[in-house]
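Visitor: Each chain, letter by letter, is given below.
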Amino acid sequence: MNLLDLSGTLLLIAFIAYLLAILLFGGAIRHKQRDVSTSNKHWGNAAMVVTIIGFISNVLYFITRWIYAEHAPVSNMFEFATAFGMFIVGAFLIMYWMYRLATLGIVALSIAVLLIAFASMFPSDVTPLIPALKSYWLTIHVITTVIGEAILAMSAVAGLVYLLKTVSFKKPSKERFWLEVVMYSLVVVIGFVVVTAIFSSMHYDAEFSYIDTEQQQVEIAYNTPPLFGMHESRALTPERMQPLMDMPASINAKKLTTVVWSFIVGTILYGLLRLFCRKPLAQVVQPLVKQTNITLMDEIGYRAVLIGFPVFTLGALVFAMIWAQEAWTRFWAWDPKEVWALITWLFYAAFLHLRLSKGWEGKKSAWLAVIGFAIIMFNFVAVNLIIAGLHSYAE
Amino acid sequence: MKKIVCACSYENPEGTQLCAQCGRPLTKEDEEKKVVDMRYDGTAIRSKTYKTSFIDRIWNFFSSVKVGVSLIVITLVLAAIGTFLPQIMFVSVPPGMETIDVYEEKYGFFGKAYYVLGFSNIYASWWFQTIVGMLAVSIIIASLDRGIPLYKALKHQRVRRHASFMKRQRLVSETVEDEKQAAETFELAEQTLKSMRYHVKREQGALLAEKGRFSRFGPYINHVGLIIFISGVMLRLMPGFYVDESLWVREGETTAIPGVEGYYIKNNQFILETYDEKDLKGQDSERVEQAINTRAKNYQTDVTLYKEDGTPLAGDTADLQKIGQYSIQVNKPLKYDGFALYQTDFKQDELKTMTFDLVNKTSKKSLGQITIDLRNPKKEYVINKQTKVALQKYYPDFTEFKDGEPQTASSIPNNPAFIFKMITPEQPKGETSFVAIRQTLEPFGETTYKMKFQSVETRDASNLTVRKDKTLPILLVGGIIFMIGVTMGSYWSHRRIWLQRTEDGRVLLAAHTNKNWFSMKKDVSEVCTSAHLTDYHDQLEEREKQ
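Sequence order for the protein chains is A and B. The numbering used here puts the first sequence at residues 1 to 395. The numbering used here puts the second sequence at residues 1001 to 1546.
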């Protein structure tokens, strides 16, 4: 077994531990207030032990992969997503140490589990770095940024708990609708994982040639049945399914296909869950947050932004600019990912000003925290996959 | 100026909400509140006080948080729009094509509209920069509007506040105690607070404990940092502060560095390395194997840097003083005397020289060889007294004939073509021949001799970016000040605990913090326990429960 296999096993252990910890945390907060004293404590302690074991294993994955690859494992989609999941668990542990709240654990670990599952849908082999990434600033810039984002994500975790507790499900409302949209989008991520895992286990491979924006003929391999074809595509593996329609050259139809597949499978899954539970998913998980002190949850959400904002600024803007000056010859290049980092920063700056001066606390603040996380995820997923730019080598 | 006289007879400036001396609420609104607004310690804020004159209105506009946040959101939205399609600087426009057509061809009608609306160069547009400028003004004015009064208010705070101030704080506690008990309470409270690193001030029957006041100035300090940063960015527009040039230099050549006078650079060698089997580390996936020999490992130009000695004639490279030899790599620019040279691009195997044989077509006998330096061709190449070749015309990047005249696309020898006049003992008047790669024309009739292609020599060329940015130290200082400010404001909180004994025999406790009430409550709890006071209650949480 070489170091890379070991590192993969450690990640799997972490993943399983997190799943187990979610169940244990569920046990810790399900009980009624009456029998809280002993039973809850046991469940809660067990959950924390398992979480810590998972986190240690996760950190060991990170270290072993780093040693093997000889560069910080944050250079592609797989590595970045797993690192993000790991640091979210780390941020949760810090928050738990400060506030001792099990409800945070359920949401934080669920997000971490989804991220790691998402990550494992991308190629996990170690590829050597291209010259533009060969710098110690890769380590400093990306790790600081991802730690900042993980702490900021904790505010969304607290915000989500706050909303689940306070939004009324008795009658339809905008809030109820949007909260359900959040739940739905989490199911779509599962849809992505399911559809990718199914077709990759079948070794699905369909090759096409197409004409790109530079009018060159190039080839592409689909790993899911092609719903959409690339610009003027021609099948090279004829026994496979033909695309339903071709896309213009400016649209990457392969990625579009994956996205649409995720939505299709996600929607089916969501429909099945609804049929099974007979109520909105948000309402299904609501009992888990029943015991939550919402004032405290609001404060945790704010605190997470306060702690995460400077770290994010340092990593995603300050260190990024210093590195850009070395690598790109200028500290700011208006590259899409860079612009979205600025957008994230501006968003949280607006969050802080609204909270301090306009008194946007409670629900408003919780919604902002959730939107902030959506922006971070957009920058991480969509900007990487859809918008090409100087950062697009990080695939 | 109008003054508001408080019940304690202190004269407060107009606009004050809580008396600076005793803390009594001065407006009806504040009197009715259960918990007073402590944001600027109830001091008079200019923008909230004067609202009539033109200057007031401008001031109030920019100091408004609503306006500030709106500007942030507008900047955010515009920045996002700019990422929908690649910006102009990332789009390559082929010669003979308009940028708008490139957008239309690649992205259809949406692309055309995007270009026409100016979104394709949004960050350089006057309206985007105006919004950012307004944001900067807003930062300055809002900071002055709030920061200065807050500083004064916190500097001159009194220890004893009026009971009406105390009971309108979020965390309060009330205990009935006699004089002796109270004295003991104050002693115990002071000890506890000091052990928690509060600064404690005492007056007759009153106590003020304070911690982390500096954190209140964090936001104003980070705003100063931002303003310094933005000024630095604007300074780049001034001539001399910022140089952005680029140069191509071929292996073996020496070129003046544009933008930095007096410096010359010689390209000794360009190196391109790719990853090999060793870098795989035994992984056997297809993806990794594809990287072998295709994925770049290193782009590097080995150079010698020279400086002019004195002021020689332009173009004279004779008295250059060697400074040193360097290797420029991606991520490792050469930095010298305030400028930097970056490895940006390269071209491999550019033609350097071409060698031809002057051959008699029938006898196949050669009269000799000439070698043409394609960057610096000579007018005439002499083989011996009777034999020479004159280079009448040179087209380094030959494309086609237009009206019988050969055309060149550039001065780079991508596809060189020549018009030679061959003077030989047989043809002393000379014969004319047009020679390009795989093409020979004899425009003035058939010739006895021809220029037979022999060989080429190639070399690599490096594209280096020249950058000089005198604003970088300013930006760095701005960034550091911002980080200090934002850290002060985020990681520390300003906590205050007031304690006083009223004339009717009660000990009142009140506490305030600007954030992190969770920890504040722990502190207050500890004081209440150790000083034998009734435990606090949280007036905001109470209200929520009702």
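What the hints contain is simulated information worked out from the structure, not anything from laboratory work. It cannot be assumed that every hint is accurate.
[As the list claims (entries may be wrong)] Below, a sample of chain A positions facing chain B; criterion: calculated Cβ distance under 7 Å:
| hint | residue |
| --- | --- |
| 1 | Leu23 |
| 2 | Gly26 |
| 3 | Gly27 |
| 4 | Ile52 |
| 5 | Ser124 |
| 6 | Thr127 |
| 7 | Lys134 |
| 8 | Ser135 |
| 9 | Leu138 |
| 10 | Thr144 |
| 11 | Asp212 |
| 12 | Ala324 |
| 13 | Val339 |
| 14 | Ser357 |
[Stated by the list, open to error] Going by beta-carbon spacing under 7 Å, a handful of chain B positions derived as facing chain A:
| hint | residue |
| --- | --- |
| 15 | Leu1078 |
| 16 | Ala1079 |
| 17 | Gln1087 |
| 18 | Asp1279 |
| 19 | Ile1292 |
| 20 | Asn1298 |
| 21 | Asn1331 |
| 22 | Lys1335 |
| 23 | Gly1368 |
| 24 | Phe1444 |
| 25 | Gly1445 |
| 26 | Arg1467 |
| 27 | Thr1487 |
| 28 | Met1488 |
| 29 | Ser1490 |
Note that beta-carbon positions come from the ideal geometry of N, C-alpha and C, so glycine has one too.
Visitor: Does each hint fit the structure? Answer for all of them.
Guide: Evaluated hints:
Hint status for Leu23 (chain A): violated, given a least beta-carbon distance of 28 Å to chain B, over 7 Å. The interface hint given for Gly26 (chain A) is broken, as the beta carbon of that residue sits about 25 Å from the closest beta carbon of chain B, more than 7 Å. Hint status for Gly27 (chain A): violated, given a least beta-carbon distance of 26 Å to chain B, over 7 Å. Given the 7 Å rule on beta carbons, the hint for Ile52 (chain A) is violated: about 23 Å separates it from the nearest Cβ of chain B.
For Ser124 (chain A), the interface hint is violated, the least distance from its beta-carbon to any beta-carbon of chain B being 9 Å, above 7 Å. Annotation: interface hint on Thr127 (chain A) holds; nearest CB of chain B at approximately 6 Å, less than 7 Å. Among the interface hints, the one on Lys134 (chain A) holds; its C-beta lies about 6 Å from the nearest C-beta in chain B, closer than the 7 Å criterion. Taking 7 Å as the C-beta contact cut-off toward chain B, the hint placing Ser135 (chain A) at the interface holds, the least distance being around 4 Å.
Checking Leu138 (chain A) against chain B by beta carbon gives a least distance of about 9 Å; that is not within 7 Å, so the hint is violated. A cut of 7 Å between beta carbons decides the hint on Thr144 (chain A): the least distance to chain B is about 12 Å, and the hint is violated. For Asp212 (chain A), the suggested interface contact is broken, since its CB lies about 10 Å from the closest CB of chain B, more than 7 Å. At a threshold of 7 Å, the smallest CB-CB gap from Ala324 (chain A) to chain B is about 11 Å, leaving the interface hint violated.
For Val339 (chain A), the interface hint holds, the least distance from its beta-carbon to any beta-carbon of chain B being 5 Å, beneath 7 Å. Evaluation of the Ser357 (chain A) hint against chain B yields a held restraint, the C-beta minimum of about 4 Å falling below 7 Å. The beta carbon of Leu1078 (chain B) comes no nearer than 10 Å to any beta carbon in chain A, farther than 7 Å, and the hint placing it at the interface is violated. A least Cβ separation of about 5 Å between Ala1079 (chain B) and chain A falls short of the 7 Å threshold, and the interface hint therefore holds.
The interface hint given for Gln1087 (chain B) is met, as the beta carbon of that residue sits about 6 Å from the closest beta carbon of chain A, less than 7 Å. For Asp1279 (chain B), the interface hint holds, the least distance from its beta-carbon to any beta-carbon of chain A being 5 Å, beneath 7 Å. Annotation: Ile1292 (chain B) was flagged as interfacial toward chain A, and the flag is violated, the nearest CB pair being 9 Å apart, outside 7 Å. The closest approach between the C-beta of Asn1298 (chain B) and any C-beta of chain A is roughly 6 Å, which is under the 7 Å cut-off, so the hint is satisfied.
Nearest Cβ of chain A to the Cβ of Asn1331 (chain B): about 4 Å, under the 7 Å cut. The hint holds. Because the beta carbon of Lys1335 (chain B) sits about 10 Å from the nearest beta carbon in chain A, more than 7 Å, this interface hint is broken. Because the smallest distance between the Cβ of Gly1368 (chain B) and any Cβ of chain A comes to about 45 Å, over 7 Å, the interface hint for this residue is violated. Violation of the interface hint for Phe1444 (chain B) is found here, the shortest Cβ-Cβ separation to chain A being roughly 41 Å, above the 7 Å cut-off.
About 43 Å separates the beta-carbon of Gly1445 (chain B) from the nearest beta-carbon of chain A, more than 7 Å, and the hint is not met. Residue-level restraint check for Arg1467 (chain B) holds (minimum Cβ-Cβ distance to chain A is 5 Å; threshold 7 Å). Contact between Thr1487 (chain B) and chain A, as hinted, is supported at the beta carbon level, the nearest pair being about 5 Å apart and thus within 7 Å. Here the hint on Met1488 (chain B) is broken, as its CB sits about 10 Å from the closest CB of chain A, past 7 Å.
The interface hint given for Ser1490 (chain B) holds, since its Cβ lies 4 Å from the closest Cβ of chain A, which is under the 7 Å cut-off.
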